[in-house]
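**Q** I would like the entire structure built from these sequences, with the hints used as guidance.
Number of protein chains: 4
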Amino acid sequence: MLLRLGYDLQFDIVEPVACVAQLRVHPSRAAGLRQPDRVQVEPAIPLEEYADSFGNLCTRFLAPAGTLRLKHDFLFEDSGLPDPARPNAVAHPIAELPNDVLRFLLPSRYCEVDSLAAAAFDLFGNTVPGWGRVQAVCNWVNAKVAFGYNFARPTKTALDVFTERQGVCRDFQHLAITFCRALGIPARYAAGYLGDIGIPPAPSPMDFSAWFEVYLENRWWTFDARHNVPRIGRVLMAAGRDAADVAFFTSFGAANLKNFLVISDEVTDASAPRSAAQS
Amino acid sequence: MLLRLGYDLQFDIVEPVACVAQLRVHPSRAAGLRQPDRVQVEPAIPLEEYADSFGNLCTRFLAPAGTLRLKHDFLFEDSGLPDPARPNAVAHPIAELPNDVLRFLLPSRYCEVDSLAAAAFDLFGNTVPGWGRVQAVCNWVNAKVAFGYNFARPTKTALDVFTERQGVCRDFQHLAITFCRALGIPARYAAGYLGDIGIPPAPSPMDFSAWFEVYLENRWWTFDARHNVPRIGRVLMAAGRDAADVAFFTSFGAANLKNFLVISDEVTDASAPRSAAQS
Amino acid sequence: MLLRLGYDLQFDIVEPVACVAQLRVHPSRAAGLRQPDRVQVEPAIPLEEYADSFGNLCTRFLAPAGTLRLKHDFLFEDSGLPDPARPNAVAHPIAELPNDVLRFLLPSRYCEVDSLAAAAFDLFGNTVPGWGRVQAVCNWVNAKVAFGYNFARPTKTALDVFTERQGVCRDFQHLAITFCRALGIPARYAAGYLGDIGIPPAPSPMDFSAWFEVYLENRWWTFDARHNVPRIGRVLMAAGRDAADVAFFTSFGAANLKNFLVISDEVTDASAPRSAAQS
Amino acid sequence: MLLRLGYDLQFDIVEPVACVAQLRVHPSRAAGLRQPDRVQVEPAIPLEEYADSFGNLCTRFLAPAGTLRLKHDFLFEDSGLPDPARPNAVAHPIAELPNDVLRFLLPSRYCEVDSLAAAAFDLFGNTVPGWGRVQAVCNWVNAKVAFGYNFARPTKTALDVFTERQGVCRDFQHLAITFCRALGIPARYAAGYLGDIGIPPAPSPMDFSAWFEVYLENRWWTFDARHNVPRIGRVLMAAGRDAADVAFFTSFGAANLKNFLVISDEVTDASAPRSAAQS
Numbered sequence: 001m002l003l004r005l006g007y008d009l010q011f012d013i014v015e016p017v018a019c020v021a022q023l024r025v026h027p028s029r030a031a032g033l034r035q036p037d038r039v040q041v042e043p044a045i046p047l048e049e050y051a052d053s054f055g056n057l058c059t060r061f062l063a064p065a066g067t068l069r070l071k072h073d074f075l076f077e078d079s080g081l082p083d084p085a086r087p088n089a090v091a092h093p094i095a096e097l098p099n100d101v102l103r104f105l106l107p108s109r110y111c112e113v114d115s116l117a118a119a120a121f122d123l124f125g126n127t128v129p130g131w132g133r134v135q136a137v138c139n140w141v142n143a144k145v146a147f148g149y150n151f152a153r154p155t156k157t158a159l160d161v162f163t164e165r166q167g168v169c170r171d172f173q174h175l176a177i178t179f180c181r182a183l184g185i186p187a188r189y190a191a192g193y194l195g196d197i198g199i200p201p202a203p204s205p206m207d208f209s210a211w212f213e214v215y216l217e218n219r220w221w222t223f224d225a226r227h228n229v230p231r232i233g234r235v236l237m238a239a240g241r242d243a244a245d246v247a248f249f250t251s252f253g254a255a256n257l258k259n260f261l262v263i264s265d266e267v268t269d270a271s272a273p274r275s276a277a278q279s
Numbered sequence: 001m002l003l004r005l006g007y008d009l010q011f012d013i014v015e016p017v018a019c020v021a022q023l024r025v026h027p028s029r030a031a032g033l034r035q036p037d038r039v040q041v042e043p044a045i046p047l048e049e050y051a052d053s054f055g056n057l058c059t060r061f062l063a064p065a066g067t068l069r070l071k072h073d074f075l076f077e078d079s080g081l082p083d084p085a086r087p088n089a090v091a092h093p094i095a096e097l098p099n100d101v102l103r104f105l106l107p108s109r110y111c112e113v114d115s116l117a118a119a120a121f122d123l124f125g126n127t128v129p130g131w132g133r134v135q136a137v138c139n140w141v142n143a144k145v146a147f148g149y150n151f152a153r154p155t156k157t158a159l160d161v162f163t164e165r166q167g168v169c170r171d172f173q174h175l176a177i178t179f180c181r182a183l184g185i186p187a188r189y190a191a192g193y194l195g196d197i198g199i200p201p202a203p204s205p206m207d208f209s210a211w212f213e214v215y216l217e218n219r220w221w222t223f224d225a226r227h228n229v230p231r232i233g234r235v236l237m238a239a240g241r242d243a244a245d246v247a248f249f250t251s252f253g254a255a256n257l258k259n260f261l262v263i264s265d266e267v268t269d270a271s272a273p274r275s276a277a278q279s
Numbered sequence: 001m002l003l004r005l006g007y008d009l010q011f012d013i014v015e016p017v018a019c020v021a022q023l024r025v026h027p028s029r030a031a032g033l034r035q036p037d038r039v040q041v042e043p044a045i046p047l048e049e050y051a052d053s054f055g056n057l058c059t060r061f062l063a064p065a066g067t068l069r070l071k072h073d074f075l076f077e078d079s080g081l082p083d084p085a086r087p088n089a090v091a092h093p094i095a096e097l098p099n100d101v102l103r104f105l106l107p108s109r110y111c112e113v114d115s116l117a118a119a120a121f122d123l124f125g126n127t128v129p130g131w132g133r134v135q136a137v138c139n140w141v142n143a144k145v146a147f148g149y150n151f152a153r154p155t156k157t158a159l160d161v162f163t164e165r166q167g168v169c170r171d172f173q174h175l176a177i178t179f180c181r182a183l184g185i186p187a188r189y190a191a192g193y194l195g196d197i198g199i200p201p202a203p204s205p206m207d208f209s210a211w212f213e214v215y216l217e218n219r220w221w222t223f224d225a226r227h228n229v230p231r232i233g234r235v236l237m238a239a240g241r242d243a244a245d246v247a248f249f250t251s252f253g254a255a256n257l258k259n260f261l262v263i264s265d266e267v268t269d270a271s272a273p274r275s276a277a278q279s
Numbered sequence: 001m002l003l004r005l006g007y008d009l010q011f012d013i014v015e016p017v018a019c020v021a022q023l024r025v026h027p028s029r030a031a032g033l034r035q036p037d038r039v040q041v042e043p044a045i046p047l048e049e050y051a052d053s054f055g056n057l058c059t060r061f062l063a064p065a066g067t068l069r070l071k072h073d074f075l076f077e078d079s080g081l082p083d084p085a086r087p088n089a090v091a092h093p094i095a096e097l098p099n100d101v102l103r104f105l106l107p108s109r110y111c112e113v114d115s116l117a118a119a120a121f122d123l124f125g126n127t128v129p130g131w132g133r134v135q136a137v138c139n140w141v142n143a144k145v146a147f148g149y150n151f152a153r154p155t156k157t158a159l160d161v162f163t164e165r166q167g168v169c170r171d172f173q174h175l176a177i178t179f180c181r182a183l184g185i186p187a188r189y190a191a192g193y194l195g196d197i198g199i200p201p202a203p204s205p206m207d208f209s210a211w212f213e214v215y216l217e218n219r220w221w222t223f224d225a226r227h228n229v230p231r232i233g234r235v236l237m238a239a240g241r242d243a244a245d246v247a248f249f250t251s252f253g254a255a256n257l258k259n260f261l262v263i264s265d266e267v268t269d270a271s272a273p274r275s276a277a278q279s
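Residue numbers (our numbering), protein chains in the order written: chain A, 1 to 279; chain B, 1 to 279; chain C, 1 to 279; chain D, 1 to 279.
Mixed in with the good hints there might be a few duds.
Since the list gives no way to pick out one identical chain from another, each pair is judged satisfied if it fits inside one copy or across any two copies.
[As the list claims (entries may be wrong)] Within a straight-line C-alpha distance of at most 20 Å, the following computed EDC-like cross-link-like pairs (lysine to aspartate or glutamate) qualify: (1) Lys144 / Asp122; (2) Lys156 / Asp114; (3) Lys71 / Asp37; (4) Lys258 / Glu42.
In case anyone wonders, no lab produced these hints; they're calculated from the structure.
Treat the numbers as computed from the prediction; the structure is a model and nothing was measured.
**A** Have a look at this one:
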């Protein structure tokens, strides 16, 4: 399945500010790129690319005062299949986990594993370790937390979500991640593209999306406590311990977002790809 | 100056549990090792060594039920000089920081940079960026927070320290780190050996110590909001975003510490080194 | 000055629910009433009136399923003068405060006096006790906290306001109250009518308002960390330790507010009063 | 059953400080007093007695610098029966509760009813309202929270107890109170005497004790999530919304407790009462 992916972000910058964008497709999905994946920045300023400690591709620059625009769109070849599932996937004993997976068991800024460990055992201690346990976590979070864009706030943690039972995408995932880690299942926060492909009418307003991944049976698997059904066309951009590690745009100083557009569509007429350069 | 460093830790393990120790000298201090630095584990069990994403040396193993003992002592050549200081060291504009330093500006589990940013600017917004600003942070934390071993608790964050004004070593550093990051100065948590060398009588009971490092003028510098004076014989073991990344011992399940001894002494009679093998 | 005061509130009630309204004028302002002050409830149901432990007049009832409407409007004679001020008013030593004032020094649900005491002394410890200290608190809160209706959330406490620096009316007052109590000045939360009388064009959308009162020189005085200027036509409805004690409407179960109108206008043409009975 | 009750408290007072003691037997238990109940204060200073808004008897004074001693002991006639129980006691619909009981449904400083409401329904939503529901709350808290004197801290709230699962007497009661209120059952914090009467050897070190009361079937009933068994010889001193309202000693400034003795014994040899005057 061919997807058109992209974004168009505009900011008002009052004074020069250092910025980091995590807007590129994750290296693990590079094979799907049908066109180069470069962040196009207006005005033309020097960009520096690097991979952070999680392997996410980052683009750094010093934004000058004025309007800053980050945009790109490109074609991406996806399997067209829903998120892979293996309902009998087993959990590894912690002693057998890869070294670099262990850090996804620890507490992090928005995932207070230490504070929610007892609640996790109360709620899920009797479930069988493995896929079913993660699914139980997702079912619970999905059923108990109400979604609403007005419930967002930047300092909201998993414990806040547990007590307030309200949130946006990232909040659902933070709570689910925290429960999983407390239960000994490595879990990481993921962000990327998620269109409405295969979803009946009335799609949600377009934005990037957050989900999470757990490590079971030798690999990472996608879960999504917000939607809680397998979806088509999920394309990873960045993964980390929680939203503190993963942000499509970070400015170390003021930057006011004034326009925000994300594209994630199936291309049905392949003869007419609109390239980023043409837009 | 020749130091004898080491530890002797004993745990009661009720059932087999996966463990990670961060008990080795940090690679940045490897030149000082006069004897091999190996964690000696009793009973003899397979150990796996790896470096975590911060470059800290970790030792992993599956501890069997029974008594677990981790011990070692070894000679270490230190400069014998106090913590280096450069009181006119400048802060880098964020746009000029190395890529791998940027993550030490972000919020982390015990350092809610987002929540304490306003207080940091209230308190230190008028200080001059650079060494003096960090020193002002340390002076404030040192003066305002009371030390007491009974003030420790595992979930205590920088915000808790700010409101309660009580804590142990790690709490002092967490608050200072959080303020520094909020002020645009990369700061990381550090743990290691710190003896009473050069300190008049009545030394504190021996333990590992926590301090922090900030990035100024092209390198990391040691600061210590708890003691707040340059010290001799500080030997780094591990550094990370906060205590969630740095723990001399982590068990993924119950492990009861029943004995805890840390050695950090100056060797004045060099003719009689007691090697780890002899102990 | 003659005011017309009133409200018109409509709720959807799904199943019968116990309710308490604090919609009456506070007994301390009863002299201004030019018409009876009764909560008119539709449908006609039994009402019970009582004074709570703070002396606020409460109206209790069991709301049946369906639409619930609470309304009233009435004429009220006000001095027409701005909030009284006595800039040299002294603070009482705590030992000389009246017995029933002491409780307004204690921590309460949204005012964590214990947690913010150190910050209060950092910020205001050098101000002179009395009116000036309270004004310094109000100036600080007013300058540091940004107002926005979208910053409201029901569990937000003074500590949250201190860290987030955003809020609505009640949040400003909670933070100021907490600082005052920590500094030994009794402070209580107040709610009532506050129109735009004497304010130039572009008044704010009409709502009830929150302010606070402090006890200095033998009486309670009005302060308002949100507006931070003396205002005309403030009419108290209820006072208590914080918003947990004072709510114009409390339902012990679901009740969805679907219409909300508050009237607080100067009556300039006294010949045409619109009485509640006529509306 | 005849009890000897009393206390001997000594403080170091550095500079004169306003104090309030809640050391008298609650008016509801006055009938049991066999000797006058007066707080004896050394040095002899003026005392003022008053009842607070909960009806607790308070003793106010300005403590001079030096040693402050509060003491008393007296004989008290108790039923000798365990805490009354009525396992089929029903819960009142909120609409039928007495006016002055309603405030014990609201959130308070250490009882964040709003934040723990969802967890309360998760855990106890399926229990039958009434005595059994309260007992289920006590059983849960008693089983899940570990007791330890070193777990005490002054700012600890019910939510902290829920996440940390550790605490002292007051913490157990705060969590149970919060759950009860969230479930629509009025609950208040209680403090008083509780000896080891009828308890086999190895009694706990003597202190005042905290428990809680719930309103069922037209009266308040004693529950105790810490001990969770009916006890003999419980004598109420003060009740309020939580520990912020009830403290045997409050000083508005520094006062260091240096001696603390509580007496709560059965008098078996009635011929030899030791009166307070004789001690």
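**Q** Each hint should be assessed against the structure and marked as holding or not.
**A** Hint by hint, here is what the structure shows:
In this assembly of identical chains, Lys144 and Asp122 lie within 20 Å of each other by CA distance both inside one copy and across copies; the values are 15 Å within and 9 Å between. In this assembly of identical chains, the alpha carbons of Lys156 and Asp114 lie at most 20 Å apart whether taken from the same copy (16 Å) or from different copies (10 Å). Taking identical chains as interchangeable, the C-alpha atoms of Lys71 and Asp37 lie at most 20 Å apart only when both belong to the same chain, with a minimum of 11 Å there against 51 Å between chains. Taking the shortest Cα distances, Lys258 and Glu42 sit within 20 Å of each other inside one copy (15 Å), while across copies they are farther apart (46 Å).
Consistency note: the structure conflicts with none of the earlier hints.
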